[in-house]
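Number of protein chains: 2
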Amino acid sequence: MIDSLLSQTSEWLRGTGPNADIVMSSRIRLARNLKPYPFSHWASKKQERECLKAVHDAILVSKNLKKSLFIFMHDISDLDKQFLLERHLISREHILHPEFKAVNVSEREIASIMVNEEDHLRIQVMQSGFNLQEGWKVADRLEDELAETLPFAFDNKWGYLTACPTNTGTGLRASVMLHLPALVMTKQISRVIQAITKLGMVVRGLYGEGTDAEGNLFQISNQITMGQTEAETLEHIEGIIRQLIGHEETARKQLVKQNRDLVYDKIWRAYGTLKNSFIITSKETIHLLSMVRMGVDLGVIPNLDRKTVNELFILTQPAHLQRMEGKLLAQSERDAKRAAIIRSRLGS
Amino acid sequence: MIDSLLSQTSEWLRGTGPNADIVMSSRIRLARNLKPYPFSHWASKKQERECLKAVHDAILVSKNLKKSLFIFMHDISDLDKQFLLERHLISREHILHPEFKAVNVSEREIASIMVNEEDHLRIQVMQSGFNLQEGWKVADRLEDELAETLPFAFDNKWGYLTACPTNTGTGLRASVMLHLPALVMTKQISRVIQAITKLGMVVRGLYGEGTDAEGNLFQISNQITMGQTEAETLEHIEGIIRQLIGHEETARKQLVKQNRDLVYDKIWRAYGTLKNSFIITSKETIHLLSMVRMGVDLGVIPNLDRKTVNELFILTQPAHLQRMEGKLLAQSERDAKRAAIIRSRLGS
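Each protein sequence line maps, in turn, to chains A and B. Each residue of the first sequence is one higher than the one before, starting from 26 at the first, in this note's numbering. Each residue of the second sequence is one higher than the one before, starting from 26 at the first, in this note's numbering.
Bound-form chain A, shown alone:
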């Protein structure tokens, strides 16, 4: 079942869409809970089972979610759980206690709905490039349809009720994955992060909370949801992201103008190393892919498309390597397999 994901490119990795040279992807997440049941952490096993069944039933009759994969977490191996995490379809929390948890993955992985995570439903929609509005439209449509059969907990004063008060209100979290190599190289990034944190934004790495910004990838999302309409939340984060894009663009232009050799050196060495390595760690891969992606985005490396680079960020993760090989691999085997896949994808 999960094998079908392995052979396809997730929509958000396509490398297209507005500002795709700097914005890798946009994500909309809606938190919803069912009125009849306590929040997941306080629910009994019986309640969790009933809640899961209710959501599953609603998805089965959904027109928008035809051709979905509905995956029960307790049905799949640890490797497959890790695989779904690497594809950004589930959270770490969803792996730890798989009982009565599930995820529904829509066609081309545009939407994933986690069931019985912190909230009963976490509706997530991913888009390639800077495209929160399209993500919001898809998520809103999905939510509207599910609301026809599911009794979402809503309070006239507080809005949608959620397990954690930071999500109460619209339950909306908008986040954008930005690639900011030039702001990192010119040492402006800490100042930029400080500034946007003061504006109510949260900054994380490629794999969410508690992860480093490896590969110069920064996930930026809104901190609070209460007291704002969805439109206001989106407008606020969009304004900040537009400024960030501007800063990164300026930094890239300056770098190329003032330090052309240095930039070309970093980009081409990274490309040369990826095309020629036989042993490579995940950490080094992400760092080098970041440089190569900048090379593609600046037009320095011709004949290489952004999609190939984006895919490699995910394909070279441990569970993907093992899924492709069809068996568990020791770390040294993964480092060799990773290098082989990179060489093959980069056509060396």
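Please keep in mind that the hints were generated in silico from the structure rather than gathered at the bench. Treat the hints loosely; a few may be bogus.
One copy or two, it doesn't matter: identical chains are merged, so the pair holds either way.
[Said to hold, decoys possible] Derived SDA-like pairs: lysine to any residue, alpha-carbon spacing no greater than 25 angstroms straight-line:
1) K362 x L323
2) K91 x S215
3) K60 x E132
4) K162 x L354
5) K88 x P63
6) K308 x L287
With chain A's structure known, arrange chain B on it following the hints.
Relative to the frame of chain A, chain B by itself:
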């Protein structure tokens, strides 16, 4: 005049000859002094001038040294002096006090004769690969011819007299430049060097006395010359070099057998980096060229010949870069020029 050297490949860099996969080059050096004059360090300016003229006259009538370049050290720029040093045609000592010093460079740089170095004549013959015998033949023939017109200082008891007693006797120093990456990678090299030092050998780096073995290149020569015939000296060092070649061959085979991925990784990354860098130091270049040369020698890198790699060891040195560019370059300019030349030579 010196420009003509820039466009040709020195004989010893051709990458051919016996055991050329491990032995870069073989060198024979004969120290000779003229009876009428004190050793260079004690000679007056007048005596030095006369000695220089006597040697120059002898070379002018030599049949073996037709088509030579006779270069007066005080006639050339500091850059050109450095250039000759990088080509192994003169010594550091020859640069420090250029007055009344000269060097004669024969066709294809097979023989160079330094005049008024530590000894009045230092006849040096270079060969590609492990070929001391051929070098010795050429040097012996040259010396015989010069002895027809020059009165070499010779004592029936001590042999040829030299400024430093370690050269007295035959005045012969035989040395071999070995590329020993596998003995370095398998950490056997210190033990090997200790052993051959006990057998009366001296171990130096690429640029002689006091230089490190950068690029895994080791220059090995005999320590003493007294009490041995030329044939004995050659036989002794040849036996030791043959053993060293055997050790390196074994180490290479073991490495490939036990650590194929690691070896391929080091070789191909080095090649990829050299083909793709835009800024590179001399030190990094030599290290990477060493790995690439091993790749060529092991048949891992096809379509690249040893001569191209050997030449790059020399062409990427500072004075060569500046000679090619036709002007003095700052270090950052050299690092960029070096990278450009490597990319162009490796055809990327």
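Violated hints, by number in ascending order, as checked against the structure
Result: hints 2, 3, 4 and 5 break, sorted rising.
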